[in-house]
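What follows is the residue order along each chain.
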Amino acid sequence: MYRMSQSTSTMGNEKIRISRRKFLKNATMVAGAAFGYAWLKSSQVLLFAAEPKDESLPWYGIVIDIQKCIGCGSCAKACKNENDVPKEPFFFRTWIEQYTVKNDGSVNIVSPNGGIDGFVQTVPTEEIFKSFFVPKMCNHCAKSPCIQVCPVGATYDSPEGVVLIDEKYCIGCRYCVQACPYGCRFIHPVKKVANKCTLCYHRLKKGLAPACMEVCPTGARMYGNLRDKNGELVKFLKEHTTQVLRPHLNTGSKLYYNALSSEVR
Amino acid sequence: MKFYIPPQIPRLAIAFAIFISLFLLLRHFLVPDTFGKYGHYRAASLIDNEQPEIHYSGQEACFKCHQNIEDKKAQDVHSEIHCETCHGPGEKHVISSKAEDIFKPSGREFCGKCHALNAAKLKSAVFQIDLEKHNVGKNCIECHNPHQPWEMKK
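Order-wise, the sequence lines are chains A and B.
In terms of this note's numbering, the first sequence has 685 at position 177, counting the first letter as 1, and numbering is strictly consecutive.
In terms of this note's numbering, the second sequence has 277 at position 77, counting the first letter as 1, and numbering is strictly consecutive.
Because the hints were derived from the structure by calculation, they are not lab data.
This structure is a prediction, so every number in the text was calculated from the model and none was measured.
Cβ coordinates follow ideal geometry from the N, Cα and C atoms, glycine included.
Take the hints with a grain of salt, since some may be wrong.
Said to hold, decoys possible - Just the calculated beta-carbon pair ranges, DEER-fashion:
{"id": "1", "chain 1": "A", "residue 1": "594", "chain 2": "B", "residue 2": "227", "range": "33 to 41 Å"}
{"id": "2", "chain 1": "B", "residue 1": "305", "chain 2": "A", "residue 2": "637", "range": "29 to 37 Å"}
{"id": "3", "chain 1": "B", "residue 1": "297", "chain 2": "A", "residue 2": "758", "range": "27 to 35 Å"}
{"id": "4", "chain 1": "A", "residue 1": "749", "chain 2": "B", "residue 2": "219", "range": "35 to 43 Å"}
{"id": "5", "chain 1": "B", "residue 1": "305", "chain 2": "A", "residue 2": "757", "range": "35 to 43 Å"}
{"id": "6", "chain 1": "A", "residue 1": "697", "chain 2": "B", "residue 2": "212", "range": "46 to 54 Å"}
{"id": "7", "chain 1": "B", "residue 1": "346", "chain 2": "A", "residue 2": "757", "range": "21 to 29 Å"}
{"id": "8", "chain 1": "A", "residue 1": "595", "chain 2": "B", "residue 2": "305", "range": "53 to 61 Å"}
{"id": "9", "chain 1": "A", "residue 1": "686", "chain 2": "B", "residue 2": "252", "range": "49 to 57 Å"}
To be verified - List of simulated lysine to any residue pairs, SDA-like, C-alpha gap at most 25 Å:
{"id": "10", "chain 1": "A", "residue 1": "743", "chain 2": "B", "residue 2": "312"}
{"id": "11", "chain 1": "A", "residue 1": "714", "chain 2": "A", "residue 2": "697"}
{"id": "12", "chain 1": "A", "residue 1": "638", "chain 2": "B", "residue 2": "312"}
{"id": "13", "chain 1": "A", "residue 1": "714", "chain 2": "B", "residue 2": "286"}
{"id": "14", "chain 1": "A", "residue 1": "676", "chain 2": "B", "residue 2": "277"}
{"id": "15", "chain 1": "A", "residue 1": "699", "chain 2": "B", "residue 2": "252"}
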């Protein structure tokens with residue numbers, strides 16, 4: 509009633525009063541939205557399925573040294589044996605590619621049976637500008653596209669930074685297979701759910717090295733705790749110029765390649 | 201002061217209340233127990249992923265019995281190579297101790313996986329042999345001791 513009388517007597521004041529109320533209301537909304545955004549961002553719920561919080565657990569990273577890889581295929585074979593990966597030559601959790609850059613600039617990429625049976629040099633030596641092996645596996649991305657697209661929360665980043673699959677919860681929709689920019693996922697032909705490298709999570713938990721790293725004869729593959737600033741892996745990263753695959757995609761890849769050539773896709 | 205509540209509002213409110221409680225009820229039964237404990241996933245799945253049995257035992261397990269091989273291997277270039285690189289998964293053999301449960305590699309192709317000449321292998325990374333010229337027709341282990349390949353058999 510008071511306001512009514514005010515508005516009738518002094519129209520101008522009333523107008524100002526409403527606009528102040530509106531102003532305060534809008535300002536509060538903006539501040540609230542900014543606060544909410546900051547809070548969501550700090551908890552990373554928009555980016556990660558699981559942000560590492562538990563400092564007591566390791567945060568795993570991987571290094572592959574291309575200069576040391578001799579393409580023997582032990583890793584790919586051991587991976588299939590250890591994880592019961594189907595033997596057909598299109599199901600791989602890890603595989604090796606041979607890149608051969610010819611003198612004319614063309615690039616020849618081969619990966620017969622994922623490199624399990626070894627490589628036979630197909631390009632004559634005199635035509636080769638340079639040649640090297642690139643072992644590939646899951647990059648265990650910190651901001652993995654595969655996790656972001658899963659509609660049911662069946663794939664996730666473990667507290668140790670290992671990207672895992674919940675086989676009981678996966679509906680086999682193949683979104684993640686499409687989303688992975690590194691081609692590291694496939695649908696298991698028997699289980700009909702997504703399958704991928706687990707960094708041998710079952711071995712890590714028992715204190716053993718992943719099977720591929722266990723059998724690598726030249727030590728081209730390494731894994732370690734990225735949190736441990738004095739550890740072997742961080743030491744290697746400090747002393748070498750390493751690069752991840754497809755850095756422009758901002759996947760937060762934790763698989764670092766030493767001596768990676770620009771031809772590698 | 202009198203508030204006028206249109207008659208459709210209470211009806212809508214009831215409908216909303218029913219839908220929301222139904223949603224919460226369904227959610228309670230459909231979402232698995234440990235979902236969301238650590239993140240947007242079923243925490244019990246971490247345990248599931250720990251379950252698969254190991255096939256590769258690691259060379260510490262091998263050396264518990266085969267100390268002599270460890271000593272032989274330790275002398276030179278093959279010291280960094282773990283047993284299961286060549287012998288394959290060893291867990292079955294570790295448990296049974298039977299000779300048939302472990303793979304005994306032989307043949308030029310097997311050694312050649314690492315040692316065959318290839319432009320992609322750095323000379324410093326591995327000693328390479330031209331399999332088409334080096335003692336063709338002979339098996340590597342006829343001359344080389346597989347655990348100490350730098351020494352020739354008499």
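Hints, verified against the model:
no. : hint                         : verdict
1   : 594(A) to 227(B): 33 to 41 Å : holds (36 Å)
2   : 305(B) to 637(A): 29 to 37 Å : holds (34 Å)
3   : 297(B) to 758(A): 27 to 35 Å : violated (51 Å)
4   : 749(A) to 219(B): 35 to 43 Å : violated (58 Å)
5   : 305(B) to 757(A): 35 to 43 Å : holds (40 Å)
6   : 697(A) to 212(B): 46 to 54 Å : holds (51 Å)
7   : 346(B) to 757(A): 21 to 29 Å : violated (45 Å)
8   : 595(A) to 305(B): 53 to 61 Å : violated (18 Å)
9   : 686(A) to 252(B): 49 to 57 Å : violated (26 Å)
10  : 743(A) to 312(B)             : violated (33 Å)
11  : 714(A) to 697(A)             : violated (28 Å)
12  : 638(A) to 312(B)             : holds (21 Å)
13  : 714(A) to 286(B)             : holds (23 Å)
14  : 676(A) to 277(B)             : violated (45 Å)
15  : 699(A) to 252(B)             : holds (15 Å)
Of the numbered hints given earlier, the model fails hints 3, 4, 7, 8, 9, 10, 11 and 14; all others are met.
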